[in-house]
Every structure is written in structure tokens, then in C-alpha cells.
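A.B. asks: Chain by chain, the residues run as shown.
Protein chains: 2
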Amino acid sequence: MADPADRTEARGFAEAAEGPVYGFDPVVVEAVIQSLVAGDPARARQHVADLHPADVADLLEWLSADERRGLVEAMRQDFDPEVLSELDDTVREEIIAQLGVQSVAAAVAELDSDDAVDVIEELEEPEQREILDAMPAGDRTLIEESLAYPDDSAGRLMQHELVTVPTFWTVGETIDYMRQSADLDQEVLPEVFYDIFVVDPMHRPAGTLSLSRLLRTRRPVPVSDLMETEMNLIPAVMDQEEVAFLFRQRDLVSAPVVDDGGRLVGAITIDDVVDVIHEEHEEDIMRLGGVREDDLYSAAVDTTRRRFAWLLVNLVTAITASLVIGLFEATIEQMVALAVLMPIVASMGGNAGTQTMTVAVRALATKELTPTNALRVVGKELLVGGFNGVLFAGLTGLVAWAWFASPALGIVIALAMIINLVVAGLAGTTIPLMVERAGVDPAIASGVVLTAITDVVGFFVFLGLGAWLLL
Amino acid sequence: MADPADRTEARGFAEAAEGPVYGFDPVVVEAVIQSLVAGDPARARQHVADLHPADVADLLEWLSADERRGLVEAMRQDFDPEVLSELDDTVREEIIAQLGVQSVAAAVAELDSDDAVDVIEELEEPEQREILDAMPAGDRTLIEESLAYPDDSAGRLMQHELVTVPTFWTVGETIDYMRQSADLDQEVLPEVFYDIFVVDPMHRPAGTLSLSRLLRTRRPVPVSDLMETEMNLIPAVMDQEEVAFLFRQRDLVSAPVVDDGGRLVGAITIDDVVDVIHEEHEEDIMRLGGVREDDLYSAAVDTTRRRFAWLLVNLVTAITASLVIGLFEATIEQMVALAVLMPIVASMGGNAGTQTMTVAVRALATKELTPTNALRVVGKELLVGGFNGVLFAGLTGLVAWAWFASPALGIVIALAMIINLVVAGLAGTTIPLMVERAGVDPAIASGVVLTAITDVVGFFVFLGLGAWLLL
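Those protein sequences? They're chains A and B, same order as listed.
Residues 63 to 533 (the working numbering) make up the first sequence, in order.
Residues 63 to 533 (the working numbering) make up the second sequence, in order.
Worth double-checking, as some hints may not be accurate.
[Stated by the list, open to error] Taking lysine to aspartate or glutamate and the DMTMM-like style, the derived pairs with C-alpha atoms no more than 25 Å apart in a straight line are:
{"#": "1", "chain 1": "A", "residue 1": "K429", "chain 2": "B", "residue 2": "E192"}
{"#": "2", "chain 1": "B", "residue 1": "K429", "chain 2": "A", "residue 2": "E395"}
{"#": "3", "chain 1": "A", "residue 1": "K429", "chain 2": "B", "residue 2": "D262"}
{"#": "4", "chain 1": "A", "residue 1": "K429", "chain 2": "B", "residue 2": "D87"}
{"#": "5", "chain 1": "B", "residue 1": "K429", "chain 2": "A", "residue 2": "E189"}
{"#": "6", "chain 1": "B", "residue 1": "K429", "chain 2": "A", "residue 2": "D337"}
{"#": "7", "chain 1": "A", "residue 1": "K429", "chain 2": "B", "residue 2": "E186"}
{"#": "8", "chain 1": "A", "residue 1": "K429", "chain 2": "A", "residue 2": "E155"}
{"#": "9", "chain 1": "A", "residue 1": "K429", "chain 2": "B", "residue 2": "D201"}
{"#": "10", "chain 1": "B", "residue 1": "K429", "chain 2": "A", "residue 2": "D364"}
{"#": "11", "chain 1": "A", "residue 1": "K429", "chain 2": "B", "residue 2": "E342"}
{"#": "12", "chain 1": "A", "residue 1": "K429", "chain 2": "B", "residue 2": "D150"}
{"#": "13", "chain 1": "A", "residue 1": "K429", "chain 2": "B", "residue 2": "E189"}
{"#": "14", "chain 1": "B", "residue 1": "K429", "chain 2": "A", "residue 2": "E186"}
{"#": "15", "chain 1": "A", "residue 1": "K429", "chain 2": "B", "residue 2": "E123"}
{"#": "16", "chain 1": "B", "residue 1": "K429", "chain 2": "A", "residue 2": "D245"}
{"#": "17", "chain 1": "B", "residue 1": "K429", "chain 2": "A", "residue 2": "E192"}
No wet-lab data here; the hints were simulated from the structure.
Let the hints inform the model, and build the full structure from the sequences given.
C.D. replies: Following this line, the structure appears as C-alpha cells:
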């Protein structure tokens, strides 16, 4: 077998042209596990030495808890702080506990302030305190300043390291300042940046200047002539979801963050926003699926506990639906065909409602559905429900008639289908709107309320019509 | 009422500190609609004149078809090409048809090549041809080159405008080149850029150089000393989902795109990738909800047609479940309580399975679930299904016992619940894995197969155990 570490390095043009060459190499995973099992952690460490921190983080997440402990122990001497910032929360907590306060504090101090905050904000209060106390005072202050802002706010996302210049400087002075800073001490400038912030004497942003603009301009030009004064100022308390919306809407790469007094306190860059967009989407999908948190890496017991609550709510709605069926016990006793067919009406209502709800929940999240156009959207969904209701009424009516040789039963299921699909269209749009107005994320609660309604209506209308028209 | 156009301009620090100030202003929407209704399109146009193109696009999407036509007519004289690139596909096609070939060709020619491709790639072949033919030859060639790459490939996403310098240049020469290009003709350089690409004589990338690095360095230093040679080269044929994964994983802001021969043909920037991430997530959520496309802006008839196919598949599975119930007609006739309770078992299985499936589908999309760790994940989900199965078996068993005063019925539903929740855990993980292996997006097909299984197993096990143990 070729050495997998060599394999990952050999990325020439030929390979690049062949197709995807990124993502994780199973051969490396295999080699790491084998080295660990063989009791050779030094060799395992060697296999991961040349990987990108994000890939190391993925690898750590993939390993079993035991294998992970072994690899972290092997990597302890030169644990890359960047790996910490790329890890999933559950796994990160585990590794932080294993590494210990001193090592983590040293690692966190090496990160940019935004990544450092990201690593420690999820920890328990006392653990957070311990790590902060073990850090150099300068780094600690910046992190504490960020932690003072609410969870999921722009203040938590921003980095404090940024390049600011006064309004009266020229292009030449700005370039000279950056060159000198680089000569004296790397720490003054951020590692990578895209915009320079021009500030007034009160340290309030007067304009932003992209590096590509700066580089195109001759030295004597004052920055105040070049800078973009129509800025997208982000209040430090703004919610990160709002920040992500703004970056996407305006195609931003970085934006200045200001405090209550309008003073520049930091900058948010696109890489952090990409993570936010990813997190928020993850949250939406999980919530729509009835999962509270990303629990791929949690232990089975924790996952069971987290999912239990949601299933309990569903049990209550399922029992409610059964109570409705219970009202028609006598009817079913006389005509068992009704019991056989009743799940069809309920299920079709649930599916049609879920389609509508999915569109509505997404449109609310992307601000495409608002009170302004809500009425039009609801009206359209009622129409769609009606159209599909008629189509499926015909289909299921024929099936029921053929199956039980009863045209009347066909008519009953057809009527029930139309009613339930129209109700599904109505409920699929109005429930998310009402849930959002109540201040709750529509992705969380809409699904369960929706299926409760389509089940109850489906069973009630079908069995009720059956009792009325058939017996 | 204050003039809404004035309102949107008045964004001082006080407002910025108060919270979200971005996103759409309903007052502007109202004012635009009123102006259109009042037959004053010039005034409507004035209201949108100062808006960001992305906001104008949102506004156009929100208006009814008639209002939209009126506003586009009013804006025809100076229609901002950027607005076209920000529009949703459905609405864009409508507006392109209204503006006509000549206007659209002129507008597209003004866009960066990546945005231009984005605007016309969704059009029908003949319409595309017409617009291309009406464009200046230079712009047309670039766009045709991009269109030659497959749909959703890196070649479609990249922009051709980029800054390249030879390996033997110094920092000073590079800066002088950019200043001269800016003096001579703006078109040579992209509007905004973040990296400079250093190329060898064959025009193959030798390294990348971030502007922030360039600006920090003194003039005599050769770019070859500064450049990053570990590049993330993107083959032009790479799928955009793969590109998005790479950008997120490596925190990239721009990356070089190479052709088969390894020559640099363009660059992809983060703003386009953010759109891809957004699109791909949208697609995932929609597919999980049984919706094929974002159909908020489609006419009711089109939406009905698109959703019909999915509902038809669901009808087939619902009928299959009914066939299973039909096997037990005689049993139900003897004991109607079974018909009353049977939806509970099926519904709980469906919900538990959906939870598991959601986690699995997401993990597959983010490459966190792979053949390497599949067995462990499946094992864990079986455990979770077992744990929750036992918990809910206890609960529903007690409910059934109390309701129908039959301990035996309680035992039957409890056993059925355990079995169905374990099956749900198994199906929720293995189905997405199998669907993915079959080369289909697991978000599309997993849900319907899953509920088919949990319904069939739920009804069969519950009614079967009932027939066996109770009668």
C-alpha cells in the first residue's frame, strides 16, 4: 500500500483536471485508525500533519470516541488552534476537556478574536472563566468584550483586528503604514483583510476602501476621495441571521461593526458569515425534521433525550386524531371499508400541507413572504389546494369505487379529499405566518400543528361524510 | 405621510444602533404600488431610484404581475443590469420577455461575465442565441466559453476578468501595472478583486497572492517570494456543490479555475459561492418537503402541476398502506378499537424516522456521513429507536389500556411501537445511504420511501399482533 500521506500531497494539474480532488481521503482515515490500533500514535500524528485544519477537524469528528482520544493525545504537543475552531460543538467540548485549561488557553490566544470567541462561547461559565483567566490579559480583554454582546449577535461574530486610517491620509501614507506595521509587528494587522476602514477623530466610520481600489490608485490621492461613504454599518447587537441576510443581499465581503455610540468596534468578514448561513440553514432543516440540534456526534442517550420531547408532542396530536376516529366507532363497525381508506385522506392532506408549509417557511426565512404579500400567497395556495384536490378526488374516488364496488364510497372519499387539500393549503400558509407573528421560528412548530390539523380534518370529514351519506 | 424615498436615505448612527435597518421597507412598497395605481409610473420609478439593485429585485418579485409590468415599463429607460442578475428565475424570464432582446443584450454586456452567464443560462436555446447575437463580440465570446461548460459547474460560476502577473515581477511592478490599467481602461481589471494570480509562461497558475499581503510588502520584493503556492485549484468542470464545500472548508474568498490543460481560465469569488450555498440549501429543504422548485412566484396552475407528481407518488404509498389494513378487515370488524388506535403507531414511526432521516440527509450533504462511519451511525440510530420505542411503548400502552380497559390491547400497541421505532431508526439511516449510492439526491426520494415503510410496518405489526393476541 502506498503511503497515504504521500498521496494527499501529490496534487498536480493532471489530477486537478480529472475532477473533485478535495474532501476527505478515506485512505488517510484508514491509515490513522490502523496506526492507533497498532499502538503507534506518532505515526498517526504524522498522517495528519500535512492536512488542512478543517480536514483534521472532520477526521476527529469521524473517529470513534476512543480513537479520537488516542489521536488528540498524540497531537497534544503541537495541537493546531485552528482545528479547535473548525470542530463541531459536541466533539470540541470533549477535546477541550481532554487537552486541559492551560493548553486550550494557549491555543485560543493564538486565534483571531472572532475564532477565539467561537471556541469558548459554548463552554459552561466556570470552564470559560478558567480558560480566560489563563490567557494573556490583552487577548482576554478582546474576548470578554465580544462575550458581553448577546448570543448570535454581530458582536460575537466580529473580529477586533482591523485596519483603520484617518480621513486626512493619502493612498501613499496608507500603504506605508501597512508596510511599517508589517515590519514592526505582525500582530497589529489582521492576517487577511479586504477593506480598510476610514474613521473620523471620534473613531466613527467615515467610509470604507477596498484594497483593489486602493491598489489601483496613485500615492498622492487622499483616501477621503476614494472611500465608499455608503456603508453597510452593522450594529454590534444585530442578530447574526440579519447580518447574513445583509451580506448575501449586498454581496459584501467585509463590513464595519459599530457600538451604541456609532464607534467602530470591529469588522465581520465573509468567512464567518458563510458559517452563519450554513448554521442557520442547518437549523431550519433540522427543525423542519423535528430535530433540535445537530446530533450526529452525540451519544445515543443524549440523542434519545433530545428527540423524545418532539415525539411526545407528536404522540399528543396522534392521540387527538385517534379521539376523532373514536367518535365514529359505531360507523366503522358497520362499514370497515371506512377504516381501510381513512389514512389515505389524512396522509394526502399531510403531504400537500407540508409542500405548502415548506415553501412558506423558506419564504419567511428569506423575507420573500411578508404581511404585504401574504394575502396573495394564501389565495394562491387555496387555489392550488383546490386544483390538486379535484384531481386527487377523481383518482381516489375511482380507486375506492373499484375496490369496494361502491360509487357512494367513492363520492365520500372524493369530497373529503377536496376539503382536506384546501384546508392543507390554507393551514400550510397561515400556520407559519401565525407562528412567526407569535415570535417563534416557524420551522419549529409549523409541522406538528399542520399535521395535527390535516389528520383531524381528514379523519373527521371522511368518517363524518361516511356516517352521513352511507349509513 | 413622509416621502418614503427620504426615509430610506436617512440612516444615521442613531438608527444603526437601534437594530436592523436593512431589508425591505414596506412604506416604499406601498408608495410604489400607489404611484402605479394612480397612473404615475414616473413617480414609482423615482421611489426605486435610490434602492440597491438587490432590493429592487425583491420589490419586483413581490409585486403582482400587473404592477410588475407597470414598474418595468417605467424603469425601461435606465434599467439597471444588476437588477436582472439578482432576480428569481421565474420573474426574470417574465421581465426579459418584456424588455426585449436589444435591451437585454445591452444590459447583459454591462455585467461581469459570471453574472451575465447567470442571467442567460436559464433561458431557452433560441432566446439565448438571439441575445448573444445582439451582444458585442468580445462579451459574447466570454459568455459562450462559460456556457460550453456543464450546468452547475465551476466554469459557469467563474468570472473571466482577473488580475494575472508573471512570476518574475516585483511588488512594485505589480502595483504600477494596476495603476496604469486603471488609468487607461477600467475594463481590464475586475471591479473588485481579492487575490492576484501569478502565472507561468504557459498561463498555468504558479501561486496566488492576497492583496493584503501585497500591500504589506515593500516594492522590490519579487511576487514569487510572497505568493502562496499551495493553491486550491478548481477544475472548470467541478460541480458547484463541490466548489461550495471547498470554499467553506478552506475559508476561501477567491480561487483560480483551470481548464483541462491546467491553464488559468477564470476565478470564482465568494459572493457567487454564497449564492450557490443558498441555492443548494434551498433545494435540500424544498426536496425534503416534496417541492421540486421554489414556486413562490409561479402561477397557481404551474405550481399545481409541479406538486402533482409528488402527491401522486404519495397516493400510491397511501394506497399500499390501505391494502395492508385491508388484510385485517375481519379483525377490525371484531375489534374497532384497533382501527381507532392504528394511526398512532404509524404516525410515531413516521415522525421518528423523519428525525433520523433529516440528520442522515444533512450529514450526507455535508460529507459527515460516509461509508467509513455509516455502520456506527446506523447502530446508534437503532439504539435511539429502541430507547424511544420502550419509552413510548410504555406511554401508549397505558393510554390504550386506560381508554379501552384492555391490558392486552395495551401490550399489543406497546410491542408494535417498539418494533416500528426500531424499524424507523434503521430505515431513516439506511434509505438515504442507499438512495445516495444509487446516484440520486437523498433529499428527494428518502422521505416518501421512509413513510411508506413506517406506515406499512406500523399498520401490519399492530393489526397483525392484534389479530394474533387479542382474537
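A.B. asks: Evaluate each hint against the coordinates.
C.D. replies: Hint check:
no.: 1; hint: A:K429 - B:E192; verdict: 35 Å, violated
no.: 2; hint: B:K429 - A:E395; verdict: 52 Å, violated
no.: 3; hint: A:K429 - B:D262; verdict: 47 Å, violated
no.: 4; hint: A:K429 - B:D87; verdict: 11 Å, holds
no.: 5; hint: B:K429 - A:E189; verdict: 31 Å, violated
no.: 6; hint: B:K429 - A:D337; verdict: 16 Å, holds
no.: 7; hint: A:K429 - B:E186; verdict: 29 Å, violated
no.: 8; hint: A:K429 - A:E155; verdict: 35 Å, violated
no.: 9; hint: A:K429 - B:D201; verdict: 34 Å, violated
no.: 10; hint: B:K429 - A:D364; verdict: 23 Å, holds
no.: 11; hint: A:K429 - B:E342; verdict: 18 Å, holds
no.: 12; hint: A:K429 - B:D150; verdict: 13 Å, holds
no.: 13; hint: A:K429 - B:E189; verdict: 31 Å, violated
no.: 14; hint: B:K429 - A:E186; verdict: 29 Å, violated
no.: 15; hint: A:K429 - B:E123; verdict: 11 Å, holds
no.: 16; hint: B:K429 - A:D245; verdict: 42 Å, violated
no.: 17; hint: B:K429 - A:E192; verdict: 35 Å, violated
Comparing the model with each earlier hint shows violations of hints 1, 2, 3, 5, 7, 8, 9, 13, 14, 16 and 17; every other hint is respected.
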